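In order, the protein sequence lines correspond to chains A and B. According to the numbering used here, numbering within the first sequence proceeds without interruption in unit steps and concludes at 201. According to the numbering used here, numbering within the second sequence proceeds without interruption in unit steps and concludes at 797.
In short, the hints are calculated from the structure, not lab data. All figures in this text were calculated on a predicted structure; none of them were measured in a lab. One or more of the hints may lead you astray.
Said to hold, decoys possible - A few chain B residues facing chain A, derived, Cβ under 10 Å:
1) 292
2) 366
3) 368
4) 377
5) 386
6) 715
As the list claims (entries may be wrong) - Simulated pairs of lysine-lysine, DSS-like, Cα-Cα distance not exceeding 25 Å:
7) B:572 to B:513
8) B:572 to A:51
9) A:99 to B:339
Stated by the list, open to error - Listing some non-contacts, in silico: residues in chain A with all C-beta distances to chain B over 12 Å:
10) 47
11) 105
12) 132
Heads up, the beta-carbon is just placed ideally off N, CA and C, and yes, glycines get one too.
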Amino acid sequence: MSFHPLMPYGSEGFQKSERTLMARGEPFAFTAERAAKLEDICSKYPPERRKSAVLAALYLVQEQQQYITASAMRHVAEFLRITPAEVEDVATYYVMFFKAPVGKYVLQVCRTLSCALAGAERVTETLSEKLGIGIGETDPSGMFTLLEFECLGACDRAPVVMVNNEHWHEKARPETCAKLVDDLRQRGLSALSGCHLKVEQ
Amino acid sequence: METVTLTIDGRQVTVEKGKTVLQGAIEHGIKVPYYCYHPGLEIDGSCRVCLVKIEKMPKLQTSCSTLVAEGMVVSTEAPDVVEARASVLEFLLINHPLDCPVCDKGGECPLQDFAYSFGPNESRMEFPRRVFDGEGVKADVDFGPTLMLNRNRCILCTRCVRFMKEVDGDAQINIVDRGYGSEIATFQDEGVHSLISGNLMDVCPVGAITTKDYRFKSRPWDNPEAIDTICTFCERGCNTTAWLRAKPEWAKGALLVRTTPRLNPDVNGYWMCDIGRFDYHWIEGDDRLHRPLVKMEAGLQQPADWREATAKAADRITAAGTGSLRFLISAHASLEELFLIGRLGSALGTPEDGVAISWRAREKPQPADTKFKVPPIDAPNVNGARDMGFPVKASSDGRPDISAFRQQVEQGRVKALFVFDPGPPGSIGDVSWVSQARASGKLALLIVQGALITDLARAADIVLPGASSFEKDATYVNYQGRVQAASRALPAPGDAQEDWQIFVNLGLALGITLGYTDSAHVRADVAAAMSSNAAYAGLADLAFARPVTAQHWLQASNPSERWKWDVMFQDLPPVKFAGRPDPSSIPTVIPLTERD
Ligand code: SF4
Ligand code: SF4
Ligand code: FES
Ligand code: FES
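Chain A with its partners taken away, still in its complex shape (with noise of 0.2 Å):
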């Protein structure tokens, strides 16, 4: 806008912020099927209250193209009637998002108390020394990234490993943690324990 003549535009003499920025990615646009997904969602919510399905919209995202962009928020601001910035604003509170690419299998290490009393840190350690990369980080096969979560709500099993946001892995040993992930190449998700309550059901 021409109103501010005596101001530079931009970043001239200034800096920026230097946050972790997420990248601004291919174009994105949902498939018509999530598309119809979401709208079907959003009509659970009263319409004024639309923006309510920003979550259920993120996991599409994340479904459809492994992990959030820049692009990508705005397509869901858009189909929210929202502002990027709100999108942004979740998107970057819930760990569950991921900001840049990630592995086939995302190994998550609860960290919390519990866990932690239980050793959550040596798994943290021998998982991170067998893929042979650190916290944050995808193997350059780009089948594992290790990340760091917090409470799992599965204290008594701790130390638990959460593996795409969804499956569950308890009572990790650092002793058993090279075998895991062995197994997960070879078979899969089937070498994870599950989660105990579905286990006993």
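Position chain B with the ligands relative to chain A; hints supplied.
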């Protein structure tokens, strides 16, 4: 009005039903600190500093989000309130850099004020503060074309977030990385792009959001004079305060350092737009006219004194035939100026179609549901001109329709044209056709009275330097039909005169005695002439502000903080430049003691 009576600190207070305990306390001068509460925004209850004790409630309550109820017994001074409040302030200061000496808010900062009054004496926090400054990282970041954001100073009150959402209508500011990493940001660091972004500096209770315009320019105690006036840059007429810096005559730089909005619930609420706030540099800029100019035979404009210039103008007008003088008037002309032009015109025998009122209308992109719409018409007095019987013709897009007048000029049917354009630059609308008509000789005489040396003034035979709206007491009628006063904050530069004076003197030179010695007399006559119009009832008694002394600088501004100056900080030492220093008072030195 339904009211509720409750007790605060042993005092019976009566408050309108539906108000909060905090509002009730503020109304009655009871000291309760607050950050996230802002009278122009919705309640948030996030800063926790407004805690009070309410009898029969299990724990301390945030007074900003508790509605008053009949018989409520509130304490703001109970020991547990005092302790909890101090703890909240201690928490708020955990990461705050306390760089007040280099912070723009210093001196008018609620965080300083409340921390002094209600905070603990010391912090018990021993770990390092969270800072954004680091290798390749800066706390101070660009926050759009008008603003800077200092992330270290932010106390996360979310006033800025709510301002954008509720008032601007486009929620551009968000909190990213919520939790320990919480940070105020815009989507992808695009910055705030809004026509009312300057208000974010006002709502921010700390020095986190500052304007690039005012940043590092002055400090409140160096602005000893604040003048309540109105903005004349569009037809809204926001109520504002103009701030003047104290500086010796010879020092460089402008006197006028900023304009801030002043509460008027009926006109602008707590807000003003960025055009009104930032577009003031021309007032003390290089393009101001300081002396009358008269075009010599060779076509060069030469500075002249007033007597010479008015005499010359009168001669040329008389030579052209007094009845042939036509007027092109900017809708920035005040009621007084319009009245005098009307008097001159009728004395000269100017016909009805010999006057045109012009202005600029611009589309101002804003979100559809904004609560603060900036009107398209960039002139303060279109309604005043209409009320006073001037031919005001507007086309459907808000632009003036002066095509018939323009035709007269372009066809060479106007011998002498008087243009009045007191600025801001461009606000009279397109007048390039006037300069063209003068250049091509279709127009034989062009007299321009105004504040700036514009292309039009360069083309003129005689240029009379007038005053901007910051340099005269004048009245305008805004888009609601409300008569408002703009007060004189500074003198006009050089030999420039207030415009009513120029009209009176020009009249004299033409043999027309208007007989006014100050603008109040003109105003009284306008009031008498408009007495049949109820909206003008108060015109003659309108109050004009005079500089407020520095001790009350906050009283004159920042409406949400104003009460503090009424009830809390009366005992502050006087401000630098306010009055003369007393040579007998030896400054007390605080002895430095060694700590063990
Ligand atoms: S930038 Fe200012 S207004 Fe915005 S949250 Fe921080 S302290 Fe509050
Ligand atoms: S809205 Fe109009 S009157 Fe108000 S500050 Fe902006 S330009 Fe001035
Ligand atoms: S602490 Fe790890 S699941 Fe609760
Ligand atoms: S003012 Fe009440 S919680 Fe912030």
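Hint-by-hint comparison with the structure:
1. 292: violated (21 Å)
2. 366: holds (8 Å)
3. 368: For residue 368 (chain B), the interface hint is violated, since the closest Cβ of chain A sits about 14 Å away, which is over 10 Å.
4. 377: holds (4 Å)
5. 386: Interface hint status for residue 386 (chain B): holds (6 Å vs cutoff 10 Å).
6. 715: violated (38 Å)
7. B:572 to B:513: violated (51 Å)
8. B:572 to A:51: holds (21 Å)
9. A:99 to B:339: Roughly 22 Å between the alpha carbons, so the hint for residue 99 (chain A) and residue 339 (chain B) holds.
10. 47: holds (15 Å)
11. 105: holds (25 Å)
12. 132: holds (27 Å)
The earlier numbered hints that this structure contradicts are 1, 3, 6, 7.
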